[in-house]
Amino acid sequence: MFNLFIDKDSRVFWEGAKKNRLMLQKSKNNGNFFLYSVGHSNVAADHEFEWVEASGNGKIYSYTVSYIPGGSKYYLDKTPYIIGSILLEENVRIMSNIITDDIKSVEIGKKVKVYFKKLSDEIVFPCFKLV
Amino acid sequence: MRQPCIIGVSDAKINEKGCTSQDSSVLSIQKDCAIEALDKAGLNFKDIDGLAVAGLWGMPGPGVMQPNVLTEYLGISYPKWLDGTNTGGSAFIFHLQHAFQAIKNNVCNNVLILYGSTQKSNKERNFLDRPAIFSSQFDMIAGLPSPVGAYALAAQRHIHKFGSNKETLAEIAVAARNWAKLNPNAYKKDNLTIDDVINSQPICSPLNKLDCCLVTDGGGAIVLSHTDRKSDFKNDPIFIKGFGETSSHSSINYMEDMSRLDVAIKSSEDAYKMSKMSPKDIDFAMIYDSFTITVLMSLEALGFCEIGEGKDFVKNGNLGPNGSFPINTNGGGLSYCHPGMYSIFTMIEACRQLWGQCGDRQLKKNLTNVLCHGTGGVLSSAATTILSKESS
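Residue numbers (our numbering), protein chains in the order written: chain A, 1 to 131; chain B, 1 to 392.
So here's chain B without its partners, still in its complex pose:
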């Protein structure tokens, strides 16, 4: 039985300024990541017949057309399958599950998922000149900083409803930092305390600067293949046991309940059902941490604790290196890197943990099943996948 699997990953090196090397471009970052991931997988570019990509870059004017640009730039010969799904930062987990279906159904054989960003080097993150358009026109005329203001509205509502507080959120930032200290490629590695987070610059109440993800360059690649060519693989294949994806809104004001992450409830329900698993079967989780509140709401929605009980679950460093529920061992978007769209890094780190390649941050316990969860937009879209050493 032909089983799709992940066989290679890579992430771009970032320097002490949070940038990739000075002469790199958004395309060269992706080429370098692809070369490394293919090499680790034991495949070549000529083997690739499927390509998925999302990013903040593209052809101005006629449309972003990222799949065309990369097919040409990398010389991929007439790919049989292309995916440019862009649901925000969650997109790469959408790509993974779409690639799974394509490979499983013999549409294509070997897929590259790619991401690159030079947002830090190129100072691309300016939000004050963007058009006030579609449903967010009201948000922008109201002066809502995007995305942080939207996440702040959800955080305020969550705090109001469940009694979580700034310490709750700070716990999540500190756990991420404590993991980042163990990751040589993490951007932020200096010591961080709960008080540092609470006393950091207010941005949009209740979120402070250290509740927010980093702004860095970065990139990553994932190579998928299938078990029919297992003899070629350099790594043990990592299987995709289940997945789910959904979307709800574009402007935060159209989120059904700002205190509860319904999209993650739905996407994870589908992933658990497909894999015949429940949260207790998950050995560790990689959860997109665009903001501290994103993690708090995701933990609840993914079923690792009850809705509203995240505040107790994250206490006393529970998510960190000495806690009982480790997450985001690379340091996350809060302390490792955040080039704009992060979910590809959840899967890259999950694979490295399953392969035992994480050095000082390698989890000591036996790992079989890892859950990766991505949030896109302003708590808008969600994708969950469960990766495993065991085949289906």
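Just chain A, with the same shape it has in the complex:
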């Protein structure tokens, strides 16, 4: 169903999610957070980093209600569903889903909290619900 290529830079994230922990990378040089890529995170590629657990709190940076499936055949019978770019308290954006029964209640800037959703036997995905 999912054709996920976990690699060195995402393994801890996906392993953490299985234990209901939202994991981010944190620069040991300046304390800034990032996930996978350091682009626009004020972290340089040669910084040393550690994996830390995030608070799970954030707000909606942007979102889209998708009326077509994307990314995986899993979504063929899930439309419409909401994809959100969530700005976490740690100043890292994460691409995720916003879980709600009321699509109209979703707005940019609203506070959200992580909600771990099991997508398959192998994948638990950190999703978000409105606070």
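You can take every hint at face value.
Calculated lysine to aspartate or glutamate pairs in the EDC-like style (CA-CA distance at most 16 Å, straight line):
| # | chain 1 | residue 1 | chain 2 | residue 2 |
| --- | --- | --- | --- | --- |
| 1 | A | Lys113 | A | Glu53 |
| 2 | B | Lys276 | B | Glu390 |
| 3 | A | Lys19 | A | Asp121 |
| 4 | A | Lys19 | A | Glu53 |
| 5 | A | Lys73 | B | Asp129 |
| 6 | B | Lys161 | A | Glu107 |
Hint data in this document are derived by calculation from the structure and do not stem from the laboratory.
With chain A held as given, fit chain B onto it using these hints.
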């Protein structure tokens, strides 16, 4: 002084289904475009010693290796310069500026830039089985349709921040259609209203089906040479006055500010600086319109209006045939053709306008400087060039 210049262009014919002729292949499309562009330029294949190509095709397994495939297929004898830069749909404007530098510095003399696609005929556009890999692994597990979902996230943010709305976006689609009606080779020529766009099938909010580019086959070729052999040219040379290129991210989530197209701000700043021009010196613009939101954000970033004021700038058909700021006179990726990677067509149409070869859609005003801008990936990369009848 040896000045690189464009001397020939061509685009592939597409039929009423948006396809090239039934027996064409991704390679034969490029050969046919090259033959036509060379003929219009007054050169032959034996003159070509530089080749640039990008596309969605390639050798499976060992790597795409498009420059090798085309060098062999077209029989180009030991080219001195090859470019396979692939930054998404913006790639061909990257090629143009790289070719400019190569010709200017005597690395090579005559360059072909080529593109071909059979994505419509071959139904190649299936995104549900692709591997969730690199930074986009999170996007794909979240079910983000690519690329439309990424552009939708930017559009939502732009609307939120600046008060642009669905009518704003629809204006851009309608202007493109009104131009396409004047282009015999455009795929979509039926009448289109603002309401048609707003009421079209929702895809990824706030973008509807008619906010999205077409899916067609297509191809194009551009021939560059230099003024030392001006006596051979059939067309007046078109000069490259300035250019800029950059990149920012691969997944939309790593774009610094989704409401502002920083890559286009940077690439156009470089192009204006090199050409000693500003937006007010540009007579008309060809702007890659992968989605309506791409145009809105590009207009702002290129300096044709202030950031956030695009919504007023595009009103009342301002970008269309009767507007004060015509763009995309071929009908754009929204209504002319969109074979997957479009930026080559911005330069092809710019040259035809400068040569006065555009028939019913020929702009009535005097044209000297045309800006071409390409976006690649998901607002990821940008390249801007300013083409001109005047040499540097």
